[in-house]
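Chains A and B are the protein sequences, given in the same order. Under the numbering used here, think of the first position of the first sequence as 1, with each following residue one higher. Under the numbering used here, think of the first position of the second sequence as 108, with each following residue one higher.
Just so you know, not all the hints are guaranteed correct.
[Said to hold, decoys possible] Subject to a maximum C-alpha distance of 30 Å in a straight line, what follows is the list of computed DSSO-like cross-link-like pairs (lysine-lysine): (1) 301/B / 217/B; (2) 38/A / 301/B; (3) 38/A / 102/A; (4) 221/B / 377/B; (5) 69/A / 301/B.
Hints are computed from structural coordinates only; laboratory data are not their basis.
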Amino acid sequence: MDILVCILLFSGLFFLTAGSIGILRFPDFYSRLHPAGKLDTLGTLLALMGLALFSLHHFSLGALLTSLKIMLIIIFVFVASPTATHAIVDAGVRAGLAPWTKGEKRR
Amino acid sequence: MKIIGLIITIITGAFLVYAAVDFPAWADPNSPASTYLSPYFIENSMKDTSVPNFVTSLLADYRGFDTMFETTVIFTAGLVCFILLRISGGKEPETRHYRHVLTGVTVTLKEGRKIPASEDFERIDDLWTPPDLIIKTGCRLMIPFIQLFALYVIAHGHSSPGGGFQGGVILGASIILLAISHDLRTALERMREKVVAILCPVGVAIYAGTGTLCLLLGLNFLDYSALASVLHVDPISARSHGILMVEIGVGIAVMTTMIWIYNNISSAGKYNQGL
């Protein structure tokens, strides 16, 4: 059980780190939103799943309730985060920002 | 005129700084607040009001006057936004746009022309863009849960962080989210301007009315133990219930003020085409 929690937490951490590096390193607005939307969501999901499993360590009704609440957070993050990223990209497109193409400078 | 304002601001600021010198130092254990006030609230709030979260009992009971006028300040902010920005009446624009909901065809009407009375047409703005399906669906999924959570925050202020102000802001945010994800017209259909403008003072009136009820029942203004005879409970739980009544009033006032301010600012007071 502990090993599973560790794996989940560390993979969550890995995805969050990769997402932060991606936000810093990608060349323009749209491509930066790519790690921000995908990796952050996945990292948060994995880390929270690890926490939900961890709280079941000593099984009781209260621990189960805590886990269920964390699962609810997971569901809402899973719905809200991609929707928000989509809304930001949509706003960029509607405002007329052209996407970056190969050979251009970083912006 | 600007210079006079500047001088007044500077003088007032100087007075404030001068007065602040007399305050006890930050986190001074010997200051009057820390020697007898805070320990009293920490030790006795459960005994006096049977509210486990003593921040709530402090805010809505011991310091009820302050919170009442805070609510009034918020109401005034909403009212000022309305008075400054709202352009009422005004001319109808010469051309109006309607959209046939079933087919998505847009109809532009010149002055004076009318569409056949039917439910299939909805009025749209000059700058109308089709609301994005993903955003719309995502927000429609979230909004009921946000509102449920807001009600929970209002009702659960007694035993956990929360209360009328926080819950009211979350409730207002859910309606604002509807306005952002669809458009202002859709949000106004759910929460009409009149409803907002009536509910806002009603929230303040619930607070002040609870206080006045206590006064009429023979005790001090906002002394909720007077409600014991009305609610048929002992005076201590009456204070707890009184706090809940007051929180509901605060929640209504804060929610409607948020919506009111958003509606007025986002559409520059015209209520026709906000974000």
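How the hints compare with the structure:
no.: 1; hint: 301/B / 217/B; in the structure: holds (29 Å)
no.: 2; hint: 38/A / 301/B; in the structure: violated (42 Å)
no.: 3; hint: 38/A / 102/A; in the structure: holds (22 Å)
no.: 4; hint: 221/B / 377/B; in the structure: holds (22 Å)
no.: 5; hint: 69/A / 301/B; in the structure: violated (38 Å)
Figure legend: structure checked against the earlier numbered hints; hints not met, in rising order: 2, 5.
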